[in-house]
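Chains U and D supply the protein sequences, listed in that same order.
Take the first sequence: its letter number 284 is residue 445 in my numbering, and every next letter is one higher.
Take the second sequence: its letter number 148 is residue 144 in my numbering, and every next letter is one higher.
Hints in this document: simulated from the structure, not taken from any laboratory.
Cβ coordinates follow ideal geometry from the N, Cα and C atoms, glycine included.
Please note that a few of the clues may not be correct.
[To be verified] To give an idea of the interface, some chain D residues facing chain U are shown, with a C-beta separation under 8 Å as derived from the structure: (1) Y5; (2) S132; (3) G187.
[What the hints assert, rightly or not] Covered by chain D, according to a simulated footprint, are these stretches of chain U (three or more residues, beta-carbon under 8 Å): (4) 275 to 289; (5) 439 to 453; (6) 929 to 942.
[To be verified] Residues of chain D placed beyond 12 Å of chain U at every Cβ, according to the derived structure: (7) Q(-2); (8) D1; (9) V11; (10) D12; (11) I60; (12) A92; (13) D248; (14) D255; (15) Q256; (16) E269.
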Amino acid sequence: MTTTEVPTSAEGNPIGFGRMHRKEDARFLRGQGTYVDDVTLPGMLHGAILRSPFAHARIVNIDTSAAEAHPRVRAVITGETLEGLGLAWMPTLSQDTQSVLATDKVRFQGAEVAFVVADDRYAARDALELIDVDYEPLDAVVDAKKALDPDAPVIRDDLEGREDNKIYDWEAGDAEHCAEVFDQADVVVTQEMLYPRVHPAPMETCGSVASMDPVSGKLTIWTTTQAPHAHRTLYALVAGLPEHKIQVISPDIGGGFGNKVGIYPGYVCSIVGSIVTGKPVKWMEDRAENLMSTSFARDYHMTGSIAATKDGTIQGLKVDVLADHGAFNGVAQPTKFPAGFFHIFTGSYDYDAAHCNVRAVYTNKAPGGVAYACSFRVTEAVYLVERMVDCLADELGMDPAELRMKNLLRPEQFPYTTPTGWEYDSGDYPRALKEAMRLAGYDELRAEQAERRRAFEAGETNQLMGIGLSFFTEGVGAGPRKHMDILGLGMADGCELRIHPTGKAVIRLSVQSQGQGHETTFAQIVAQELGIPPEDIDVVHGDTDNTPFGLGTYGSRSTPVSGAAAAVVSRRVKDKSRIIAAAALECSPDDLEWEHGRWFVKGDPDNGKTIQEIAFASHGNLELPEGVEGHLDATAVYDPPELTYPFGAYICVTDVDAGTGEVKVRRFIAVDDCGPRINPMIVEGQIHGGLADGVGMALMEVIAFDPEGNNLGGSFMDYLLPTSMECPSWETGETVTPSPHHPLGVKGVGESATVGSPAAVVNAVLDALQIRSADMPLTPAVVWRAMQGSPLRNDLAIE
Amino acid sequence: MQVPDVFEYERASSVDDAIALLEKHGDEARLIAGGHSLLPMMKLRLAVPEVLIDINDLEGLDHIRIDGDEIAIGAMVRHAALLESALLAEHYPIFADAERVIADPLVRNRGTIGGSFCQGDPAEDLASVGTALRGSAVIRSSAGERTVPIREFHQGPYETAVGDAEMLVELRFPIRTHIGSAYAKVERRVGDWAVAAAGAFVQLDGDQIADVGIGLTAVGADGFTCPEAEDLLRGGPATPERFADAAQLCHDLCAPVTDQRGPEDYKRHLARELTRRVLHRATARARGEES
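All chains, full assembly: derive it from the sequences and hints.
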């Protein structure tokens, strides 16, 4: 559908899919958003967390007396206090436990040790310095590759019977078949690579305001969460509070990227603080706390091997992963899949031999793992396969575009079952790659590159040029209840739609926007289905007392799951409106036809009722057929039959200064296929943001640790995020391949660009330098060292 | 939110008043100008001054002007003014080269040249610029003014010639003819401190180098420079081979420290590569071949 065919509302917006300004932006542009830190309650107190300066140490003693004597301090809470309440440890989203406030040991730098509640945040911060903790430092496990050494200190001695730092071994695919294929292959290329630890670093840090009403026994918590309902249920399970006495409110959220999926000790501390003091307690972490203690992403050490015939037909891919999970296994993903969706690593290509081994270990680093728009580790998987394909191209002396085109799945193979069991819904991969190459002017770029290389070799320039490709397939929209749950909670989403008598509507969602524009997109879905202008539709989300249950927004699941729920609930309303329209028009529902928000009698287009007229009639005294209740309201729960599989072809052009190692991204061409686009402007915005993420990870972002386990990325001076200066003007394109099983055909797009882009940037830099491997982030030093043949270890302090 | 420890705040009304306040409060007092180094350190509680003396109201310290045979720059001149100065662009494009890669517009709108010098950060770009140009610093106390060569101003990381109850009020740079100057920096991202940087001026007498100044940033170069490389170049022809030799001396004689911006060998390499580049550009500018 093109925008010209879309009817528009009185305000000029499309009634349905199409470009329109975001409804929520009016308040953001005026500075009128309400974030957690904007919440102020009468008598509210402020909390601050004392954190460990050591990566690994035994706590000998904590003396809080001086802090308690501070005139503005109301309470000091330690692990001992929490032990009395049974709250010193809490479950993670991966069947592990995590320390809320340390009782025995601290296990990473920044670990939570004590919580001060004071009259204001300044006093709370000052009082932290009055707490005297006696630590006995222990050796830290910093290098994941040494976590399983026999002499490595055991980090989780709190877990009974634990004698080493291994969390799990997990595998997928057919190892035996893989071995056969690799034995007989003409060419096998093996490459080690690191997807280093990075951080989502949302603009708004994490925090909460907890208010326990001592009279009603109701706990209200305003908190930075992408998953309010999941949090409510977990609080109920952990704290033993009745679920109907807990209200989780997630107001405006300043970016999440997976950072705000889990429950952090600070949230629990603010709740305990409110229970202990009888007052509301606000806790808002600062930037360093966010970077050092909240959910990181990646940290996958991967060794891939790819097998092919000598003419470039890929036959198999296998990979061994060493996954660094930090001190607690705090990843958030469906229970069945401890390594997330990593086993989608076979990517977008046609071959039948694949196998992966994932070994996860504890280290003395912050917990987390699934965050930063990773699409449940599809990011790591796509990076692996797209780097391996380039390594193969290098080995064979083939153009990487030609090699990809030769091996991409063909449209007639869909639905396609991958060697590790994923069922790709639909796709036309060659079309997307051809479109990206057309937009890029691929052949001209290669010619320019050859000329540049000649000039470089002649000593006329020190500027090299590289062209990098990446083709990704994501599995998003988790997920089907038959396969997926988190801590036993199925991943279906509820949705409620209420139509007021005047034809205005309110839709209530379980998912929670962190900036993705849900208030617009979901209004447009209802508008598309019912013909009610988007400005007449209120979108309610982020409040567990006022929305139906669902697991929240992450893994690009909002439109695939809740978007489908919104379409289904709208269709229920529409079905009912037909019956009521028929009653009003004194005809059979079968005699009616629908167009642009109006039922009319077939062959008599002037004789009809608009959805607004029907809404009024449904609330009025119109006689309804036997068994039909009044009103138009409806509810739905959407259980996705399968995941959806957005895909895309990305091309990056870089200029590399061979004298200094500096990289400049000159162009970035992104062709995304996420099915039909509800609001193309919002989709493009998501892609722009994800591409910036990708450039950041490829070129500058990393959290490394020194030999003592000190976090070397604890501020924005050390943890570098890309700015507009590092980003080119993005060139986006699209193809449209609807999902056959989604009511709207849409596939989700939130993480596509973050997933797909890093490999394109890295491939472009390596293409410029004509070397096979270097690990992200490709800072000038890393590039220069790679050129010298002495690469740096990016997850550790530079030596 | 990161908050500093408790401190007192005074607002100085004149240079004399600022110096009097420094005398009154002793060595736990700090002057605050742009605050873009001091405030972050206070928020991280790396700096815990007891008193801040705000000098943003002071007048007569925001000039960039010709004074005799020198260019005089007031200590409160903001980075943004240095970047935009037509006078500096005419005489010393090295300033604009450096300012363009110092922090970001927000910081440049507030940060001052005096603050940059007095912070004494080993990665400070303006320190190398001033060193390359062999300028001088005017320091005032209640006893009067004294002038210190910039090459004696920095006495170690975060240590300068400015004593207790003294205030840097002006930087002065000699006006030279037949010269070009340039600055080049490698950073991991716009706004980051330098991984390494180099600046130079070249004064030509025909094809001969009459005088030259080199500044080196963030590579542990003694006094932000390499006099041996300057001596090698001075009085000889301006040729690529001699630039390479001088750059090699910078590589050999600097003493960079490995950190997350890069390993020692890479920083040495940059000292050489960037010195070579700025000598080329400064010479091209001196010859009018490049703007």
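Here's how the hints hold up against the structure:
1. Contact between Y5 of chain D and chain U, as hinted, is not supported at the beta carbon level, the nearest pair being about 15 Å apart and thus beyond 8 Å.
2. For S132 of chain D, the shortest C-beta to C-beta distance to chain U is roughly 31 Å, which exceeds 8 Å, and the interface hint is violated.
3. Here the hint on G187 of chain D is kept, as its CB sits about 7 Å from the closest CB of chain U, short of 8 Å.
4. Remark: the segment 275 to 289 of chain U is confirmed as covered by chain D, as 4 of its residues place a Cβ nearer than 8 Å to a Cβ of that chain, reaching the required three.
5. For the segment 439 to 453 of chain U, the stated coverage by chain D holds: 4 residues have a C-beta nearer than 8 Å to a C-beta of that chain, and at least 3 were required.
6. With 3 residues having a Cβ less than 8 Å from any Cβ of chain D, the segment 929 to 942 of chain U passes the three-residue criterion, so the hint holds.
7. Here Q(-2) of chain D does not stay apart from chain U, with its beta-carbon only about 5 Å from theirs, under the 12 Å limit.
8. Once the 12 Å rule is applied to beta carbons, D1 of chain D is inconsistent with being away from chain U; the minimum gap is 7 Å.
9. For V11 of chain D, the requirement that its beta carbon stay farther than 12 Å from each beta carbon of chain U is met, with the minimum near 32 Å.
10. For D12 of chain D, the condition that its CB be more than 12 Å from all CB atoms of chain U holds, with the nearest at approximately 34 Å.
11. With a cut of 12 Å on Cβ distances, I60 of chain D stays outside the contact zone with chain U, its closest approach being about 26 Å.
12. The Cβ of A92 of chain D lies farther than 12 Å from every Cβ of chain U, with a closest approach of about 17 Å, so its non-interface assignment holds.
13. Every CB of chain U is more than 12 Å from the CB of D248 of chain D (nearest about 18 Å), matching its label as outside the interface.
14. For D255 of chain D, the requirement that its beta carbon stay farther than 12 Å from each beta carbon of chain U is not met, with the minimum near 7 Å.
15. Non-interface status of Q256 of chain D relative to chain U is broken: a Cβ of that chain comes within 12 Å, the nearest being about 5 Å off.
16. A beta-carbon of chain U comes within 12 Å of the beta-carbon of E269 of chain D; the shortest separation is about 5 Å.
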